[in-house]
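> Residue numbers (numbering that gives the first Met the number 0), protein chains in the order written: chain A, 0 to 376; chain B, 0 to 376.
Some hints could be false.
No farther apart than 20 angstroms at their CA atoms in a straight line, the calculated lysine to any residue pairs in the SDA-like style are these [what the hints assert, rightly or not]:
id, chain 1, residue 1, chain 2, residue 2
1, A, Lys329, B, Lys22
2, B, Lys329, A, Arg316
3, B, Lys43, A, His281
4, A, Lys297, B, Leu77
5, B, Lys329, A, Ala363
6, B, Lys43, A, Glu330
7, B, Lys297, A, Lys329
8, A, Lys43, B, Lys329
9, B, Lys297, A, Arg370
10, A, Lys297, B, Gly72
11, A, Lys329, B, Ile331
12, A, Lys43, A, Leu278
13, B, Lys43, A, Arg280
14, A, Lys329, B, Gly139
15, A, Lys22, A, Lys43
16, A, Lys329, B, Val36
17, B, Lys329, A, Arg179
18, B, Lys297, B, Leu278
19, A, Lys43, B, Gly70
20, B, Lys329, A, Arg68
21, B, Lys43, A, Arg316
22, B, Lys43, A, Arg327
23, B, Lys22, B, Gly139
24, B, Lys329, A, Arg351
25, A, Lys329, B, Thr38
Hints were generated in silico from the structure; no laboratory data involved. Quantities reported herein were computed from a predicted structural model and do not represent experimental measurements.
2 protein chains.
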Amino acid sequence: MSDTLFTVDATCGQSGGRTGTLKLPRGEVRTPVFMPVGTLGTVKAITVGELGGLGYGLILGNAYHLSVRPGDGLIGELGGLHRFMGWEGSILTDSGGYQVFSLEARRRIDEDGVTFNDPATGDAVRLTPERVIEIEDRLGSDILMPLDQPVPWGADRQATRDAVDRSDRWAERACAERDRRHLDAPHRLLFGIQQGGFEEDLRRLSSERLSALSFDGYAIGGLSFGEPPAVTAGILPGCAGALPEDRPRYLMGVGTPADIVTAVACGVDMFDCVLPTRLARHGTAYVGHSTVQLRNAKWREEDSPLDPGCGCEACTRYPAAYLAHLVRSKEILGCRLLAIHNLYHYGALMARIRESIAGGTFAAMAAEYARREPDEE
Amino acid sequence: MSDTLFTVDATCGQSGGRTGTLKLPRGEVRTPVFMPVGTLGTVKAITVGELGGLGYGLILGNAYHLSVRPGDGLIGELGGLHRFMGWEGSILTDSGGYQVFSLEARRRIDEDGVTFNDPATGDAVRLTPERVIEIEDRLGSDILMPLDQPVPWGADRQATRDAVDRSDRWAERACAERDRRHLDAPHRLLFGIQQGGFEEDLRRLSSERLSALSFDGYAIGGLSFGEPPAVTAGILPGCAGALPEDRPRYLMGVGTPADIVTAVACGVDMFDCVLPTRLARHGTAYVGHSTVQLRNAKWREEDSPLDPGCGCEACTRYPAAYLAHLVRSKEILGCRLLAIHNLYHYGALMARIRESIAGGTFAAMAAEYARREPDEE
């Protein structure tokens, strides 16, 4: 990519935190950015109009799942994922590397790729580095992620080393397929994914190899894979620090607001997580620096808004007791309104992070999140 | 009510069809009108903002269900159902009479009222004519329905006669309770419910007794209670014809678009039905004069809108293949978009009915619906 596709506009000074601009074909995105997850072509329970209204301009799709349902061939014929789902913003597609981990019992891995037994359809699904780029090309992704092989917490050093080596060979094949398809010409970005488990030297090795290839950004893969939070916190600064400074850094699958603030301090620019929408479907909402559970008795008769300081539709139009009633009654509208609230909360968090970095107050914000209250469950 | 609260603005001439205006405290409603069903304080999957955007100004709530969850006392303390659910339009509340039928195995009926064993909570719930008016008073309903005792298709004449007699005694008690609470002063309307099963003389008897009381409108209860469609069609003209001409007539729980057109021709002004939102949750959409099932193979690759002639959000923003994908993937957004589509379809149907009555073309419209295509399933 041209070096002007990502610019760092301000840095924290007291941490690795930075705020910048990612110039994508469908619009600029200010970083640090949170990307709502739309695995199957929908951010669950939310319309694209609502996503835009919440200020989001970049969301996630999943190449693996969309290739199975409804099929990348079909989406391609219908004009691509943006048109299919009516989304005018940008889309980053996950490759299926996460499913190598999450569907471990249903996949076989070899040097050329991975064969899955899909849980939704029972079909055999073959992914190779080249096939993943083909899927993402057909979907029309703005940011493509290559196939990789993460290892779970607890993998031994040799298994971790083998997976890094293979992931890096697959990264090279992904770049070659990108070049063969000339996907960089219309400014479609391809990110490298750093692996290396919980071994700092392997993380550095992976970064060095990926930096020698032509990637537009770099992701940190394989964290939040079952390890204790202290382990993640311990290794993250080294992971982020090993990646080139002039490219966006994306911490895959993370996380809570406190996780995000911590990672921003390590120099991470991009995040995605199912938490805001998944917790919404379970009746959990972000309030202040923690979460509350709407099924708890204290909300049943609450006349005030869920979060009096929040400007979202759920908080400005309804008493919290109504949201609690919808959750207890398992009404779809409850999922909807809490998803709106949680995504609004994440959007406001990211805006505050960007403003505090630009304004020189990010270190204070990070300290505030380190002192957060316990979650209500 | 003052006689000016309902005016007939035009009649069909070739049928009993009429279009008019119902003046409610929260705004005028043009009839014939369809009322979306919001049993538990939410029209399923839809926000109040969307309902307003679809042109609806009058929806249903259910006094029985809301008295159990979250409780009429709580809703009253929180300022009433309108504030609780954020709805600025009008609300008609069903009494629980339908539950006398639908929860038959879970209720005991006596002269004073009905005791239910609630299926959601297992609690014993006691409804009397007075208690129902109390619930509806606390909810702040704009149109109150009294407790009644419908009989199922197949009930013998004596059982039907006993139920009519009891319903009419309960109607008198409901009026007395309405007067005791002075609910007519703020123009809150109370409707009488005609019963009589499938016996025309009992329907007439019920109408005569109810007309002698002070009701603001009249409902036809106990139809679509398991009888064959030809039976409903045979008895409906007599049911509607027995009711006063100068008051709105409401056919409870009906129905399909064709049912509605037929009933309008008999002089019915108001309708409610769960079909548009319930079918949406099962992947069924109204197109033209029938329904289509989005799971059918023909929709999987369909690039065109679901209904090219429809102006709703689902039809103007997405290819039908996207809706089919959401339905097959059981995504909440699929329920949402089909509910929007089906409610838009019903709204457009009612607008066309009103316009065709005013314009003298309703008879042709009714003939068109009599020739409808079969549903796709």
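> Taking the hints in turn, state whether each one holds.
Consistency of the hints with the structure:
no.	hint	in the structure
1	A/Lys329 <-> B/Lys22	violated, 35 angstroms
2	B/Lys329 <-> A/Arg316	violated, 28 angstroms
3	B/Lys43 <-> A/His281	holds, 18 angstroms
4	A/Lys297 <-> B/Leu77	holds, 15 angstroms
5	B/Lys329 <-> A/Ala363	violated, 44 angstroms
6	B/Lys43 <-> A/Glu330	holds, 7 angstroms
7	B/Lys297 <-> A/Lys329	violated, 32 angstroms
8	A/Lys43 <-> B/Lys329	holds, 10 angstroms
9	B/Lys297 <-> A/Arg370	violated, 56 angstroms
10	A/Lys297 <-> B/Gly72	holds, 17 angstroms
11	A/Lys329 <-> B/Ile331	holds, 13 angstroms
12	A/Lys43 <-> A/Leu278	holds, 11 angstroms
13	B/Lys43 <-> A/Arg280	holds, 15 angstroms
14	A/Lys329 <-> B/Gly139	violated, 24 angstroms
15	A/Lys22 <-> A/Lys43	violated, 26 angstroms
16	A/Lys329 <-> B/Val36	holds, 17 angstroms
17	B/Lys329 <-> A/Arg179	violated, 37 angstroms
18	B/Lys297 <-> B/Leu278	holds, 19 angstroms
19	A/Lys43 <-> B/Gly70	violated, 30 angstroms
20	B/Lys329 <-> A/Arg68	holds, 12 angstroms
21	B/Lys43 <-> A/Arg316	holds, 17 angstroms
22	B/Lys43 <-> A/Arg327	holds, 14 angstroms
23	B/Lys22 <-> B/Gly139	holds, 17 angstroms
24	B/Lys329 <-> A/Arg351	violated, 35 angstroms
25	A/Lys329 <-> B/Thr38	holds, 13 angstroms
Checked against the numbered hints above, the structure violates hints 1, 2, 5, 7, 9, 14, 15, 17, 19, 24; every other hint is satisfied.
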